[in-house]
Amino acid sequence: MNRPVTSPVEPMSAKPPLEPAAAPFLTVTGAAKAFGGAQALADVSIALRPGEVHGLVGANGAGKSTLIRILAGLVEADRGIVRLDGEEITVVSPQQATALGMSFIHQELAFVPGMTVIENIMLGVPKKSRFGLVDWAAITREVEPIARRVGISAPLGSNVKGLSTAENWLINICRALVRKARLIVMDEPTASLSAAESEKLFAIVEDLARSGVAVLYVSHRLDEILRLCARVTVFRDGRTVADFERADLTHARLVEAIVGRAVERTPKSGEADTRGAVALKVRGLTRLPRVKGVSFDLRHGEVLGIGGLVGAGRSELARLVYGADAVDAGTMELDGVPYAPRRPADAVAAGFGLVPEERRADGLVLTKSVAFNLTLADLGRIVRSPALPLIDGGKRSKLAEKLVADLSIRTASIDTPVGRLSGGNQQKVVIGRWLSRAPKVLILDEPTRGVDIGARGEIHRLIRALAAKGVAVLVISSEPDEQPDLCDRVLVMVEGRIVAELEGPALTRNAIVEASYAHAARTEETHP
Amino acid sequence: MTATANRRLSPQAKAALGIFARYATIAGLVGMIVAFSVLSPRAFPTLNNFTNVLNQASLAMIIAAGLTLAVIVGELDLSIGFAASLHGILVTGLIVSSGLPIPVAVAVVLVAGALIGFVNGLIVTKAKVNSVIATLGVGTILTGLAFAYSAGVPIVAGVPEEFLQLSLGRWLFGIPNNIVVMAVVVGGLWTLVERTAIGQEIQAVGGNPSAARLAGIDTDRIKILGFVVSGVCAALTGILLASRLGSGTASAADSYLLTAFAAVFLGSATLRDGEFHVLGTLIGALIIAFGFNGLNIFGAPTFSQYVLQGAILIVAVGLSSLGRSIAES
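In order, the protein sequence lines correspond to chains A and B.
For the first sequence, our numbering assigns the number 1 to the initial residue and increments by one for each residue that follows.
For the second sequence, our numbering assigns the number 1 to the initial residue and increments by one for each residue that follows.
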C-alpha cells in the first residue's frame, strides 16, 4: 500500500499494473459544451474503470470542471454521449447523479458546522428509522466500520466543530461510501491539506480503489497524479489530448501534454516599449491564507501580467491592491505617495480602475442599460453641474455613444440592457467605464474570459493603446497564450507567492505554465 | 431551480409571461375601477369618491414611497409602521405638553425620523446585522418609547385646530393637503432615484451591490441614505396621521407597515421586471386603496380587508419574483 514516492523525473514503467484492468463502466464520448460564445468543452472523451484511480489534468480553462459539472447534473452537455454500464444516460440533476452512484467532493466541502460527525455523514442519505424516529444507534453500528476504514478518528457522536479540513474530506468520503458510490470525483483534494494529511488521504484513495470504487482524481499537482493514478487523461482547450497508462507516465510527458506543442509566437517584438516611471510600488503585501508577502513594481505604460494557476492568489492580490479586502501586512505607494485604500471608492479616487474576473457577478448591473453601466464610475461627468447633480441626458448619451464607438461595442442602442450583449461586448462595457476617468492604474482580471477571438484581439489592442498613453496595466490571466501576447513582463504566482519573473525572450507560454507547475511540485515537497 | 424551470420554457411562453408580469398590476387596477364603476355606478365613479380615495391613500403612499428607497438599495425596513406611531405621539406631545410651535415640532419630528433611519442604516451596514432583524428590533424599541412617552394614554386633549388643519386643510387650489404632500414626496423621490447622480448610485447598489462597490461607489453610504429617506417618510406619515386623527395614539400607524410592503412589491411587478421603483409603488398603493374603497362601498365586513391585504402581499411578491426570474434568464 505504501508505494514509494515517485520522483517527478523517474517513470513508473518499472512497476507492472497490479491486476488486469476491468472494463470501463462509465464512459463519456465526444462531449461538448459552450457557454455564451465560449467553447468550454469542444470534444472530450474519458473512460472510467472500477477499482482505478483515474487522474484528470489540464491547465486552467481546459474543461475539467465543465466535465465534472456535466457528470454531476449541474449543466447539460450540448453534444456527446455518457454511458453507464453500456446504457446511454443524461444526468439532469445532482440527485440523479447520486442515485446513479456518483459522488463529488469539492474544495468547498459540504458539511453543517453545528451537527455531529455521524449526522454530517448521513446528510441527505435516507436513514433507518424505528417508530418514525431516526434510529441513530443502528445507523452508527452500520457506519462505524466504514468511518474507521476511511480513517475518521473522532467519535461519531462528537460535534464537527474544530475538525480539520482533512477530517472533513474523510467525512465526505465516508458519506460517498455509505451511499454505495461507484465513482468518487475528487477536485483538488490536497489543495488545503498538509503533507502528512495528504499522505493519509493517498492511502485512503488507494484503499478505495482496491475495494472496487473508481476515483476520478483532479489535481494540478503532478507528483500526486504520478503517484496515485493508474491512468491519466489530459485536457487542453476543451479537448482530450492524451490518455496515459501508468507505464507511459512521466512528469515531462504530462507537462508536455498539458502545455501542448503550440508554435511559440515571437514575444511582442513589434511593440514599442512604453515603460516609464514606477506608478505602483507594492512591498510585502499579505492577506493570509492566499497572498503571502508579494512585492513588485508596476511602471507607467507597462502591461504587467500575473500568471499562475487558479487558486494561486492572483485575484486576491488584485482585490488587495484595489482596497476591496483588508490587508494583513505590507505597504503600497502610488507615484511615490503612500497608498492605503480602505475601500474600492478610495482606490477609484486615487486613480485606479478594476475589471473584475466575474463580470456578470461583480462588473455589471445586468438589468440596466449600456449607458447606465458605462457611466457608473464617472457620474460627475454627466451631471448638469456639481451644485445641481441632475443627470444631463445629453451629456450622458454623448459620453456613452463616444465610448460605444471608441470601443466598437456592438449593441442595438445605448439603452439596451447590458445583460443582452455578448460576453465580449459586456467586457468592453466594463473596461469602457474606466476610460473617461483616465486612470493611472487599470487592473484587469481575466479580461478575455468567455470572449470570442475577434473581441479578444480588440481588447488586447485596447489594453496596449492604454499602456501607450501611460496607463499602468495589471493583467491577470489563466489563458496560457494571453500573457506572452499582451504583457511586457509576467510574474508567476504559486500558492500566494511570486516565484518567477519572466521578461523578453524568456516570456513564453511554456515558461509560464512550467513555472506554475514546477514550483507547485517543489512547494509540495518542502511542505512541513 | 428557477433556472431549470425557465430553461424548459419556450421563448414565446417566456415573452408572454413577461408581458403578463409587467402589466398584470395595471390591468388589475383598471379592471377593478371598471368593475366597481359598473357594479356601483352612483357611489364609486365620482370625482368626490376618487379625491376621497386618493386623500386617504396619501399617507400610505408617502410611507411606501420612502420604503421604496430602502428596498431599492436591497434592504427591508420593518420599523416604519412603529416609527410612524411614535412620531404621531411625539408631534402631538411636543405641541400639547411642551408647547412648541407647530412648525418647530414638525421639524423636530422629521429630524427624529431621519435619525432613526440613520441608526437603522448604521446597524445594517457597520454592525452587519440583517436588515429584517435590525429594523424589527429598532421598531420594537420605538414602540416601547412610544408607550413610555405617552404613558400608554392617547394624547387627545388640547390638540390645537391649526395642527388638525395640516392634514384636513386644502391650502392649494382646494386640493387636500395630504395629496399635495404626497405628490411632492413621490415627485421628489422619483426625481432623486431616476434623474440624479445619487439616484444612479442607488440603482446600481440595488441592482448589483458587488459591481457598484467595485465601480467605486460607497455602498454603505447609499444604503444609509435609503434608510434615512425611509425614516423621514415614516415621520411625515406619522405627523399627518396624528393631525388627521387629532390625537397621538400608540400603535395608530402600525398597520401602515403591511400596506407599504404590499404597495412596494405590487409596484416592483409593474412595468419593470421585478425592480422596485417609486412610480410602481404609487400604482401599487392605488390598487390597495381602490380595493379597500370598493369593499367599503359594498359593505364588506372588516375581516375581508385583512384577507385582501394579505392576499395582495403574497400575489405581489409572487409577481415581483416572477418578473425578476424572467429578467435574469
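If you're looking for bench data, these hints aren't it; they were derived computationally from the structure.
A quick note: this is a predicted structure, and the numbers were derived from the prediction, not measured.
Certain hints may be false.
Unchecked claim - Taking beta-carbon pairs under 10 Å as the criterion, some of the chain A residues facing chain B (in silico):
{"id": "1", "residue": "112"}
{"id": "2", "residue": "114"}
{"id": "3", "residue": "223"}
{"id": "4", "residue": "352"}
{"id": "5", "residue": "356"}
{"id": "6", "residue": "366"}
{"id": "7", "residue": "368"}
{"id": "8", "residue": "375"}
{"id": "9", "residue": "380"}
{"id": "10", "residue": "391"}
{"id": "11", "residue": "394"}
What the hints assert, rightly or not - Each computed DSSO-like pair below joins lysine-lysine, with the alpha-carbon atoms no more than 30 Å apart:
{"id": "12", "chain 1": "A", "residue 1": "292", "chain 2": "A", "residue 2": "128"}
{"id": "13", "chain 1": "A", "residue 1": "281", "chain 2": "A", "residue 2": "292"}
{"id": "14", "chain 1": "A", "residue 1": "180", "chain 2": "A", "residue 2": "128"}
{"id": "15", "chain 1": "B", "residue 1": "14", "chain 2": "A", "residue 2": "292"}
{"id": "16", "chain 1": "A", "residue 1": "200", "chain 2": "A", "residue 2": "127"}
{"id": "17", "chain 1": "A", "residue 1": "469", "chain 2": "A", "residue 2": "440"}
{"id": "18", "chain 1": "A", "residue 1": "469", "chain 2": "B", "residue 2": "126"}
{"id": "19", "chain 1": "B", "residue 1": "14", "chain 2": "A", "residue 2": "440"}
{"id": "20", "chain 1": "A", "residue 1": "127", "chain 2": "A", "residue 2": "161"}
{"id": "21", "chain 1": "B", "residue 1": "14", "chain 2": "A", "residue 2": "161"}
{"id": "22", "chain 1": "A", "residue 1": "161", "chain 2": "A", "residue 2": "180"}
{"id": "23", "chain 1": "A", "residue 1": "200", "chain 2": "A", "residue 2": "180"}
Backbone N, C-alpha and C fix where the C-beta goes; we use that ideal spot for every residue, glycine too.
> Of the hints stated earlier, which fail here?
Replying inline: 1, 2, 3, 11, 12, 15, 18, 19 and 21
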